[in-house]
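K.L.:
Mind docking these for me? Both chains are given alone in their own frames, and the hints should help you get the complex.
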Amino acid sequence: MEPLERYRPIIDDFDAFLAACERSLGNAVRVNTIKASVERTLAALAEEGVAYEQADWNPRVLRLETDSPGSTWTSFHGFTTGQEEVSAVPPIVLDPEPGERVWDCCAAPGSKATQIAALMDDRGTVVANDNNLGRISALRFNAERLGATSLAVTNDDARNYSLERFDFDRFDRTLVDAPCSCEGTIRKNPDALDNWSEGHISSVAGIQKGIIRRAIQATREGGTVVYSTCTFAPEENEAVVQHALDEEGCRVVDFDLALEHSPGLTAWDGDAFDSSLENAARIYPHQNDTGGFFVAKLEVTAE
Amino acid sequence: MSDGRESDERETNDGQRFDRLPATDAERTVDGRATREEVVDLFADRFGIPPETFDDYTFWEKGAGKIWIYGGEAPTPLRIEAIGMTCLRTRQEHWKPTTDFVQRFGHHATECVIELDREQARRFATGEDQELEWWDGDWGYLIAAHEVGVGPEGRPVRDGDAVDGSELVPLGVGLYVHGELRSMVPKGRQRDLES
Chain A
12 MEPLERYRPI
22 IDDFDAFLAA
32 CERSLGNAVR
42 VNTIKASVER
52 TLAALAEEGV
62 AYEQADWNPR
72 VLRLETDSPG
82 STWTSFHGFT
92 TGQEEVSAVP
102 PIVLDPEPGE
112 RVWDCCAAPG
122 SKATQIAALM
132 DDRGTVVAND
142 NNLGRISALR
152 FNAERLGATS
162 LAVTNDDARN
172 YSLERFDFDR
182 FDRTLVDAPC
192 SCEGTIRKNP
202 DALDNWSEGH
212 ISSVAGIQKG
222 IIRRAIQATR
232 EGGTVVYSTC
242 TFAPEENEAV
252 VQHALDEEGC
262 RVVDFDLALE
272 HSPGLTAWDG
282 DAFDSSLENA
292 ARIYPHQNDT
302 GGFFVAKLEV
312 TAE
Chain B
-15 MSDGRESDER
-5 ETNDGQRFDR
5 LPATDAERTV
15 DGRATREEVV
25 DLFADRFGIP
35 PETFDDYTFW
45 EKGAGKIWIY
55 GGEAPTPLRI
65 EAIGMTCLRT
75 RQEHWKPTTD
85 FVQRFGHHAT
95 ECVIELDREQ
105 ARRFATGEDQ
115 ELEWWDGDWG
125 YLIAAHEVGV
135 GPEGRPVRDG
145 DAVDGSELVP
155 LGVGLYVHGE
165 LRSMVPKGRQ
175 RDLES
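From first to last, the protein sequence lines stand for chains A and B. If you read the first sequence in the numbering used here, its first letter stands for residue 12, the second for the next number, and so on. If you read the second sequence in the numbering used here, its first letter stands for residue -15, the second for the next number, and so on.
In isolation and in its complexed conformation, chain B is listed as follows (with noise of 0.2 Å):
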């Protein structure tokens, strides 16, 4: 990422652009800017998805802290209205990802997935916080999943990187303190459906 800049030079963030995230901490110009190696070691330390996954993604930044996933082709720095998909909010003290990654990616997930039952999957579709105390996992930011439909022996041949890889399918993000699962999901998405 060598553009002829003085090392000690450093720039702050324009929200109203895409920057790839840098690739290391050694090649950030941006400060606060998450790097590309934090992102990949946080989806890996936290939910054990393999960085592997992500080897043909790249990260960018538009937005304050929104960190978004592409697999097409772009320059950096980018004027234009999306790329892929919001992914991650940074700047804040805990890194949150988003509904529509976790739902995209979280089938790769290993760690910090927390398997709820239908009736417990319709309420956090709804958008209700709910007491499960029988979570003895971490705290903070879990996938919540739970079984839809067949699983992997049902998979595509020309159908894309579909989420059959597991039996559990992702339902989105939540947060778990003090014995209660808050569900993360957007308004927009949130739905009323049958248990």
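Next comes chain A alone, as it looks inside the complex (with noise of 0.2 Å):
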């Protein structure tokens, strides 16, 4: 937990965060409701005699007393998929419609955009992309599995990515799900941090500026991006939209949030951020029992 020490003059409470930081997380599963209702999918799991705790911020998300949440009626039938519940929220603050057009630019293994393409009614264009070809299986299995028919997948870098294969040149709303270091995934992958340095942070936010520049270049003028990753580092979440507000035409916006958070920070390690960032949600794991998060909501403006 060593690494986490550098955010105690940022974190409120921080020694329940640590405590939070050190407990171990149940298991999460989402409604998929390409494949049932919520209500059928409660039934199936009382039937199965599993219990379940909902979510009061999101109907489709489920905390689950069992230890193998795979092997349940409901997993099999695509009702139900393994996600952590902070997790789910960058998809609701991308709030996309049914037939828009819709990038996730790094999906695997596909949580995300399945949630997307259910919360679409499974009517639209999802572009589930991710430049790692092993990752790839597992998200094409997924979107299988969970029936959703409005996804195509590609297999590319998102920091040079063509729209040339396609018919349109613009997506209506960008997700930026970003490889990062994963400090807020601690609860889940016990050696999350094994591998921390500032060299590592610094390196992979040269490539999370590259994608979101990419991302708001791809998305049309009124349109959305959601930045999020599953980081506490303010280097790979603030200091990365600061990057895009500096570098493209694009604002931070608002979101209504109903999990609790902190507001994004306009400031960090000797550099200020603009004043919009406080409209950035930091969700930490003390704060709701769930893993870590950051999300931040882009409109594409003229340049």
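Take these hints with a grain of salt, some might be off.
Stated by the list, open to error - Below, a list of computed lysine to any residue pairs in the SDA-like style, where the Cα atoms sit at most 20 Å apart:
{"id": "1", "chain 1": "B", "residue 1": "Lys50", "chain 2": "A", "residue 2": "Arg151"}
{"id": "2", "chain 1": "B", "residue 1": "Lys171", "chain 2": "A", "residue 2": "Phe152"}
{"id": "3", "chain 1": "B", "residue 1": "Lys80", "chain 2": "B", "residue 2": "Glu(-5)"}
The set of hints was computed from the structure by calculation and includes no laboratory data.
P.N.:
Listed below in structure tokens is the structure:
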């Protein structure tokens, strides 16, 4: 937990934060409404004798009281899919509508891409991209298991992504769930901090900046880009969004989020960020007993 | 689908790219490729799935005889990893629907649906073959289904094209021959479940 000490000045009740990071996380699943309603899914779980708790902020997120959430009838049918509670936040903030064109540019293994398809009633075009061919097979498997017919899978580097392969030249919305140092996943993965270094953060931040710029360029004026990571490092969060504000036509916008969270930072380590970054959300493990996440919502403007 | 080709010019299937299925036989330019009409007719004739179920979908071939169903936008041909889901294997004597397709669209079926009790469903999900002498319908590929959870009254308002169209929920594809139902659930989708 040593690397997390650097966040002591910015996190309220830091000791509770550290204590939460040391507790392991239970099994959360998302109801896949492409294949079943929430009501049917809950009835099926009850029939099987699997106890659940429904998240207050999102009726489609369930905490299951079982050690093997994959060995349930609801999982076999694709009614449910394993997804950490806080990982269901970015697609909700993206708020896609049926019929739209949406790009999930770092999509594997596909939890959020299939969640986006479900939020669109599986109508429209969801382009799920990932640069890692090995992870593409997991993405494809999940998309088919969950019955997402609106989803197309591509394997490219998001930083220089070409839309020439499609019949359209801009997306309505884009999710950048960026590769990151994953500090916020420590409760799921106790090894998450093993290779932590400031050098790693700095190199991954460079990639993040390249991806967010391309995401904004590939999204139409007035469209939405959501930037998220599962890490606490401001270098990978506010500083990346600040870079997008400096280099591309966009602004940070406010959004409602029914989970407890803290505002984005406007300063870190001698750097100042635009005051609009207060509209971003920092979700800490001790606030809702979840993993950690950062989410910022951008509107694409004229250059 | 006029693309300036001579009508007698034939192409071969390129297994590395997605090609949209021709609407009908008259528009076919690749030997052996299924047509949209044949695919929709198969689902209607064999399983009673209304053809209009697929009005908003396109069908594609990538890989020899592997047919995909897609609801989004894309030009043809297209070189990407996947669009929508695989739905059917053609280029063999009996066309075989996929488990994932049947789980997604099988609730529209009215024919060749074999209803299993919970223990039979459990064995089906693990990939086991089982003697089911009581089936007196057609032999060949069937949709195996069982009752799970509540019926259509639980349907969501903005929750998508859920399967809650019927009481029965499809498990996958089975092959019925000689009094035996063989589970076609692929290995990666098989599960050990409680009955």
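K.L.:
Please go over all the hints and tell whether each is borne out by the structure.
P.N.:
Outcome of the hint check:
| no. | hint | verdict |
| --- | --- | --- |
| 1 | Lys50(B) <-> Arg151(A) | 15 Å, holds |
| 2 | Lys171(B) <-> Phe152(A) | 12 Å, holds |
| 3 | Lys80(B) <-> Glu(-5)(B) | 24 Å, violated |
Consistency note: the structure conflicts with earlier hint 3 alone.
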